[in-house]
Structures are given as C-alpha cells and as structure tokens.
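A.B. asks: Chains X and V, in that order, are what the protein sequence lines are. Per our numbering, the very first residue in the first sequence carries number 1; after that it's consecutive. Per our numbering, the very first residue in the second sequence carries number 1; after that it's consecutive.
No lab work stands behind these hints: they were computed from the structure. All C-beta atoms, glycine included, are put in the ideal place defined by N, C-alpha and C. Keep in mind that a hint or two might mislead.
[As the list claims (entries may be wrong)] Residues of chain X clear of chain V, computed beta-carbon distances all greater than 12 angstroms: (1) Leu15; (2) His16; (3) Tyr51; (4) Asp78; (5) Glu101; (6) His159; (7) Lys201; (8) Ser225; (9) Asp227; (10) Ser261; (11) Arg268; (12) Asn281; (13) Lys292; (14) Cys313.
[Unchecked claim] Below 30 angstroms or equal to it, Euclidean Cα-Cα: the simulated DSS-like pairs (lysine-lysine) are: (15) X/Lys210 <-> V/Lys92; (16) X/Lys315 <-> V/Lys241; (17) X/Lys292 <-> V/Lys102; (18) V/Lys102 <-> X/Lys36; (19) V/Lys141 <-> X/Lys40; (20) V/Lys298 <-> X/Lys41; (21) X/Lys175 <-> V/Lys269; (22) V/Lys31 <-> X/Lys241; (23) V/Lys273 <-> X/Lys241; (24) X/Lys241 <-> V/Lys269; (25) X/Lys241 <-> V/Lys241; (26) V/Lys269 <-> X/Lys164.
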Amino acid sequence: MLNVGIIGLGHMGRLHMMNCLHVDDVEVVAAADSSKRALKKAKLVGVKHLYTDYHDLLKDSPNVDAVVISLPNFLHFDSIQLALEAGLDVFVEKPMANTVEECRKIVRFVEKSGRKLMIGHCMRFIDAIEKMKATTGKGRIGDLQVVTIEQILNGPFAHGAVPKPVPEWWFDPKKSGGGVLIDLGYHLIDLFRFFVGEDSKIMFASFDYKFNLPFEDGAIVILCSSDSYIKGIVNVGWYQKSVFPEYNFRTILHGNAGYMSSDDLVPRNVYLHTVKEGTKNLLRRAVGKKIKPLSYSYYYESYYKELQLFFDCVKNDSDPSVSAIDGLKTVELIEEAYKTFGEKRFT
Amino acid sequence: MGDVVGLVQTHSSKEDIKNSIEKALDLINFKPKGPVKSVDIKVNLCYYWHAATGYTTDPQVVAGIIDCIRERYGMDIHIRVVEADATAMRTKHAFLMLGYEKLAKEENVELFNLSNDEIHQEKVSVDGREIAFQIPQSLLKSDLFINVPKLKIMRDTKITCALKNIFGCIASPRKIVYHPFLHEAIVGINKILRPDLIIVDGLVALGRFPIELGLIMVSVDPFSVDWIASQVMGYNPSKIKFLKIAMKEKLGELEGIKTLGESVIIFKKIFPKENFFSSKRWWGFQLRLLRLYTRIVKDVVPPALEEV
Numbered sequence: 001m002l003n004v005g006i007i008g009l010g011h012m013g014r015l016h017m018m019n020c021l022h023v024d025d026v027e028v029v030a031a032a033d034s035s036k037r038a039l040k041k042a043k044l045v046g047v048k049h050l051y052t053d054y055h056d057l058l059k060d061s062p063n064v065d066a067v068v069i070s071l072p073n074f075l076h077f078d079s080i081q082l083a084l085e086a087g088l089d090v091f092v093e094k095p096m097a098n099t100v101e102e103c104r105k106i107v108r109f110v111e112k113s114g115r116k117l118m119i120g121h122c123m124r125f126i127d128a129i130e131k132m133k134a135t136t137g138k139g140r141i142g143d144l145q146v147v148t149i150e151q152i153l154n155g156p157f158a159h160g161a162v163p164k165p166v167p168e169w170w171f172d173p174k175k176s177g178g179g180v181l182i183d184l185g186y187h188l189i190d191l192f193r194f195f196v197g198e199d200s201k202i203m204f205a206s207f208d209y210k211f212n213l214p215f216e217d218g219a220i221v222i223l224c225s226s227d228s229y230i231k232g233i234v235n236v237g238w239y240q241k242s243v244f245p246e247y248n249f250r251t252i253l254h255g256n257a258g259y260m261s262s263d264d265l266v267p268r269n270v271y272l273h274t275v276k277e278g279t280k281n282l283l284r285r286a287v288g289k290k291i292k293p294l295s296y297s298y299y300y301e302s303y304y305k306e307l308q309l310f311f312d313c314v315k316n317d318s319d320p321s322v323s324a325i326d327g328l329k330t331v332e333l334i335e336e337a338y339k340t341f342g343e344k345r346f347t
Numbered sequence: 001m002g003d004v005v006g007l008v009q010t011h012s013s014k015e016d017i018k019n020s021i022e023k024a025l026d027l028i029n030f031k032p033k034g035p036v037k038s039v040d041i042k043v044n045l046c047y048y049w050h051a052a053t054g055y056t057t058d059p060q061v062v063a064g065i066i067d068c069i070r071e072r073y074g075m076d077i078h079i080r081v082v083e084a085d086a087t088a089m090r091t092k093h094a095f096l097m098l099g100y101e102k103l104a105k106e107e108n109v110e111l112f113n114l115s116n117d118e119i120h121q122e123k124v125s126v127d128g129r130e131i132a133f134q135i136p137q138s139l140l141k142s143d144l145f146i147n148v149p150k151l152k153i154m155r156d157t158k159i160t161c162a163l164k165n166i167f168g169c170i171a172s173p174r175k176i177v178y179h180p181f182l183h184e185a186i187v188g189i190n191k192i193l194r195p196d197l198i199i200v201d202g203l204v205a206l207g208r209f210p211i212e213l214g215l216i217m218v219s220v221d222p223f224s225v226d227w228i229a230s231q232v233m234g235y236n237p238s239k240i241k242f243l244k245i246a247m248k249e250k251l252g253e254l255e256g257i258k259t260l261g262e263s264v265i266i267f268k269k270i271f272p273k274e275n276f277f278s279s280k281r282w283w284g285f286q287l288r289l290l291r292l293y294t295r296i297v298k299d300v301v302p303p304a305l306e307e308v
C-alpha cells in the first residue's frame, strides 16, 4: 500500500484527492490546505492527518510515501524541494515552477534525491491525443509538417456550477508566473514537444491583453523543432466564456499525405458519451468490477490516468513518462517567448 | 402607477448610442426631481464576461449616458459608476477587465465598489417573509440614481432586467444566500432602493445565445421596464413570479404602462427566446442523474460541477 499526502485542496487538489481514492493500493493518509473547509472535506473521505500548513505535513510525513502537490504556482518550487528533501516521491501540477532558474534547480534536486518527480501534463493522457500519438510515424498522414494546437476557454475565470471567487494569486503575475501562456499554453507547448519529440525553439509570439490585466489573456506562438524543422502553431486564450461541458480544444497534425484532427476523435455528442460511459460503469459496479473513474467526461479522465501512471512508476520503481526535464523544457520555451516577444516578464 | 417606457433602436458607435439615449429621454420627457450635483450609475457586472456575451453592461452605453448627463446638467457634476461584489465576482477586477477603468480615465468619473461603502442593515417584509439587506448608504444620497441593467434571461427568474439589477446593489458579496427566495429578495431590495431613471443596455441582449438587439429602453419605473422587457424577450410578464409579487407588494402597477418610440414587436422578432420549461428541467434532470450516478457508482465529480 502506498501512502499519499495531498498538498493543496483547491480546484485541482480536490480532483486529485478524489481520483487517488480510485487507484489500487493507494491510500490518502494526509492532506494540507490553509482552508479549514477544504480540510473538512478531506476528513469526510477518510483522510486521517490534516494540516493547515503544508510545511507541517512535509516535516511530519506521517508514513507518507508520495505527495500530490496542487498549490498556487509560486509555491511549487518550495514545496517540491521540501518534499524531495523529505525523501518523498512527488507529483506536481504544471507548471513545474515559474522560472527556468527554479526548474533547473528542481532537476538537480531530483537527481540528488533519487526520488520520482512527475509533472501534471494531463493533456498527453486525453484519449484523442493518445490515439493521435499512437498513429504518428506509421504513415497515416505521411511526414509530419505542422502541428496546430488551440485551446480557448475561460481558464481561471471559468464559472463553476456553484459560484466561487477566483483566487487572488491568479491576478498577480509574480505569483502565477504570467498569464494564459504559462497556464493553458504550457499544455499546448508540451503537446507540440510530445508529438515532435525534439528540442524546439520559439520563432514568434504575440500576446493579447483583452481584459486589460497586467498579464496576457491571449497568445499565439509559433515553434519550430530544432532538427526536423516541423512547425507548431499554438493559439491559446482565456477570453472566451465557456460553460461545462463545452471544451474548445483541438490539435491537428498536418502531414504531406494527410491530416489528423482531435475533433474527429472526441465524442460527437458529449451527453450520449456520458450516458454510455456512465452505464458501462454502472454495469462494472453491478458485477463487482473496478470502475473507470471520470470516463464519462472524455477529458477529465486524463487526470485520473496521469495519477495512475505516477503511482505505477513509484510502485514499480520506473521513470515517469513526464519528467522534470519535460517540465524544464516547457518552461524554457515559455520564458523564451515572454523574453523575446513579450512586453513584460513577471518574476 | 405604471409609467411610459421609451424604446429606441441604436447602433454600436458611441455617438449613435448617445443620440439614442437623448432621444429616449426626450420620448419619456425625463425631468429629474431636483438639482443634479451627484449621479450614481449602477451597471450590471455580474461576472468577468465581456459585454459581447450579453451578460454585462457595455461601457460604451455608460459613456453615452455620461455625455448626456453632462450636456443636460453641467460638466461639474460628480458621477460615480457603481457596482457591488458578488459571490464569485470582485468589483475591482470587473472594473479593470471589462473596460471601466479605461472609461473612468477617459470620462473623468469615479468607480465605486458598493461593498466598501458605509453599510446599514435594513429589513423589509415581502409576501410574509422578513428579509434583511446590507444597504450601501451613499446610494441613498445621490441626486440622480440611474439603473443601467442588461436585457437577459436567467434560469431562476426567466428574465433579468431593471428590478434584478438593483439586487446587485446589496453590499454583501454572498448574494447566493438569497437565491432560495430570489423572487421575494428582488422585490424586497427594490422596496428600499428606488432608482430615478432606468436606461436598459440592450445593445447585445442574451437569450438562448447573445444577439445584437440594438435596443435602448428608458423609463423612470423599474416595474414598467421589466414588464416591457419580458414582452421583448417573448415571455408573458404576468407569469414572471417576481413581477407578480411586485404587484402584490404595490411596487408596480399595470395601469399606465405604455411604450413610446419603436414597437416591441421589432425586437421580439429577433430575440432568441429560451424555452425555460425544457431547459430548467433538462438541467435539473442532468444534475439529479449525475448525483444519483456518483452515489451508486462512487465515481468522481469534475470540479466544475462540484458541490451540486
């Protein structure tokens, strides 16, 4: 049995905590959050050790083997360092840290500690992306030429079913590390690296400030792989009103023999998909089989899949497919875009 | 006693909007109650959604109103654009994100968060229910209190316009506590806060989807505005619960309501009406089904639907 601590019980932390409850041979034994309300929820699902300060959880480490960190971006560096020093394996939400300098230090901490560090690059685990990745290099679209990836949503300004204020740290670029590029754009740049699989550089970046905030809410970035010269076009925004289950995201792989779009690989009707997958889970439950958590939502399932992979790596002592190097390289590209083409750098 | 409601078709240029507001004010022959030295303009900034979504008051409309007021009552009057924090929205961010800080600089007006005002608690009785409200006191002192609502639908109340926008003046952010008795709360707050003038921003209205309606609607009576707004949006106003309660509470009367200017039909024809019977049931059905499913299967609820 792997004992897990959850650090940060906000939007993503709670999702990870609930997902952990479905992973075999994993028990959530500790949780830390400054909100007592959030800790109460953790207690309700059976978490025994609760802390209002994550430093206390990391100091105590009550039989904890691994931690899942979902703190605000500016706390990633500190919490990863302390967790690795405490001898724990770490899963951390993206971005790994806000700056290249911090990311490089984290890479060194990982090497020194010998522990596992996996970054939450969840979009690699979306069913459609996994299918596209499995098909690339097999002749279906010929040689890959251009990858276009776009995601336009509300980001942190999304309005949930129960209204809650947007946490204040999102409005402070010194804490968030920037705007939409380091938030959603991080995933899209990682997906480009995922498909192209090489070192890349930024050719061009353009930032938009539609909401007059001191950080960008829209960005268009053109990337190029350093060896094969495959180009990537990333179009990302926080400026569009989006309501669940709408999900304005697509990836298109353009080859010289054809193309492949994620739009063709996601459910045509999300409601029918939900009913279909929900019914399958009901049947699994009825015959005593393990359910597939969140399979009824074709993209939230990716959060479960990435956690499951992390825990498998910890249990089997294998390397996670998303490493600290992936976290570093993605932040390097983002910082390059900000420094070369942005008007501001926030940290 | 109901009142006249002026309807004017407009376009989205600043000059057009200003002229349309002027025209609408002339239609209803608007005269303030006394000398005008201070003006409060209550906009509708329910969340960080751009005016193009139909959810929030367009700063261009507010700019047009400011120009009209200054032309009519002098350049030296003190104008405030006001809004209060809501459960998920913080006014300081909404002012910045939705273009009001820029407007304030250009038009030299003050932006004011009603949640930071001197606040008194007041209680009113509505339909046998006593409701307490946190009232921003400075609103009661302005010479001209202008309500600038949007024309939009809402699942809980069917329509939201003049009366509902005053609900947004409640100083306490957690307005969600009023939602179990929202109709009564809308009437209750309107018993305390009475705007002198209502100018509806119907440039982009919100039905099943946002639509460029190009409507400016003006009156001195919020009840009359909502009565006509319901008709514009294709609903029978006598079936809107908060309007029925408002009549019962003597906050509004049908007698005397009439429109001047453009015909309601012009706007009604293009407004994308929502079928609430099906949408409300469909939404509720989905949530109930999800709750039942997660209870039986012990599956995870996505964060966006948490705590439903």
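A.B. asks: Are the hints correct? Go through all of them and say.
C.D. replies: Verification of the supplied hints:
1. For X/Leu15, the requirement that its beta carbon stay farther than 12 angstroms from each beta carbon of chain V is not met, with the minimum near 5 angstroms.
2. Its beta-carbon lying about 10 angstroms from the closest one in chain V, X/His16 breaks the requirement of being farther than 12 angstroms from that chain.
3. No beta-carbon of chain V comes within 12 angstroms of the beta-carbon of X/Tyr51; the shortest separation is about 22 angstroms.
4. The beta carbon of X/Asp78 sits about 24 angstroms from the closest Cβ of chain V, which is more than 12 angstroms, so the claim that it is off the interface holds.
5. With a least CB separation of 30 angstroms from chain V, X/Glu101 remains clear of the 12 angstroms interface cut-off, as annotated.
6. Not every Cβ of chain V is farther than 12 angstroms from the Cβ of X/His159; the closest lies at roughly 6 angstroms, contradicting the non-interface assignment.
7. At roughly 33 angstroms from the closest C-beta of chain V, the C-beta of X/Lys201 stays outside 12 angstroms, upholding its exclusion from the interface.
8. With a closest Cβ-Cβ approach of about 34 angstroms to chain V, X/Ser225 is found to remain outside the 12 angstroms limit, as its non-interface label requires.
9. For X/Asp227, the shortest C-beta to C-beta distance to chain V comes to about 39 angstroms, beyond the 12 angstroms cut-off, and the non-interface label holds.
10. No beta-carbon of chain V comes within 12 angstroms of the beta-carbon of X/Ser261; the shortest separation is about 24 angstroms.
11. Its beta-carbon lying about 18 angstroms from the closest one in chain V, X/Arg268 satisfies the requirement of being farther than 12 angstroms from that chain.
12. The Cβ of X/Asn281 does not lie farther than 12 angstroms from every Cβ of chain V; its closest approach is about 5 angstroms, which violates its non-interface assignment.
13. At roughly 9 angstroms, the least C-beta separation between X/Lys292 and chain V is not larger than 12 angstroms, which violates its mark as non-interface.
14. Once the 12 angstroms rule is applied to beta carbons, X/Cys313 is consistent with being away from chain V; the minimum gap is 21 angstroms.
15. A distance of roughly 16 angstroms separates the Cα atoms of X/Lys210 and V/Lys92; the hinted pair therefore holds under the 30 angstroms criterion.
16. Among the hinted pairs, X/Lys315 with V/Lys241 is inconsistent with the structure: their alpha-carbon atoms are about 59 angstroms apart, more than 30 angstroms.
17. Using a Cα cut-off of 30 angstroms, the hinted pair X/Lys292 and V/Lys102 is violated, with the two alpha carbons roughly 50 angstroms apart.
18. For a cut-off of 30 angstroms, the pair hint linking V/Lys102 to X/Lys36 is broken: about 39 angstroms separates their Cα positions.
19. Between V/Lys141 and X/Lys40 the CA atoms are separated by roughly 44 angstroms; this puts the pair beyond 30 angstroms, and the hint is violated.
20. Of the pairs offered as hints, the one joining V/Lys298 and X/Lys41 holds, with about 16 angstroms between alpha carbons and a cut-off of 30 angstroms not exceeded.
21. Note on X/Lys175 and V/Lys269: the hinted pairing is violated, with a Cα-Cα distance of about 49 angstroms set against a maximum of 30 angstroms.
22. The suggested pairing of V/Lys31 with X/Lys241 is violated, with an alpha-carbon distance near 39 angstroms, which exceeds 30 angstroms.
23. For the suggested pair V/Lys273 and X/Lys241, the alpha carbons sit about 20 angstroms apart, so the restraint of at most 30 angstroms is met.
24. Distance restraint check for X/Lys241 and V/Lys269: the Cα-Cα separation of roughly 26 angstroms lies within the 30 angstroms cut-off, and the hinted pair is therefore satisfied.
25. Using a Cα cut-off of 30 angstroms, the hinted pair X/Lys241 and V/Lys241 holds, with the two alpha carbons roughly 29 angstroms apart.
26. Restraint check: the Cα-Cα separation between V/Lys269 and X/Lys164 comes to about 36 angstroms, which exceeds 30 angstroms; the hinted pair is violated.
Hint compliance for this structure: hints 1, 2, 6, 12, 13, 16, 17, 18, 19, 21, 22 and 26 are broken, all remaining hints hold.
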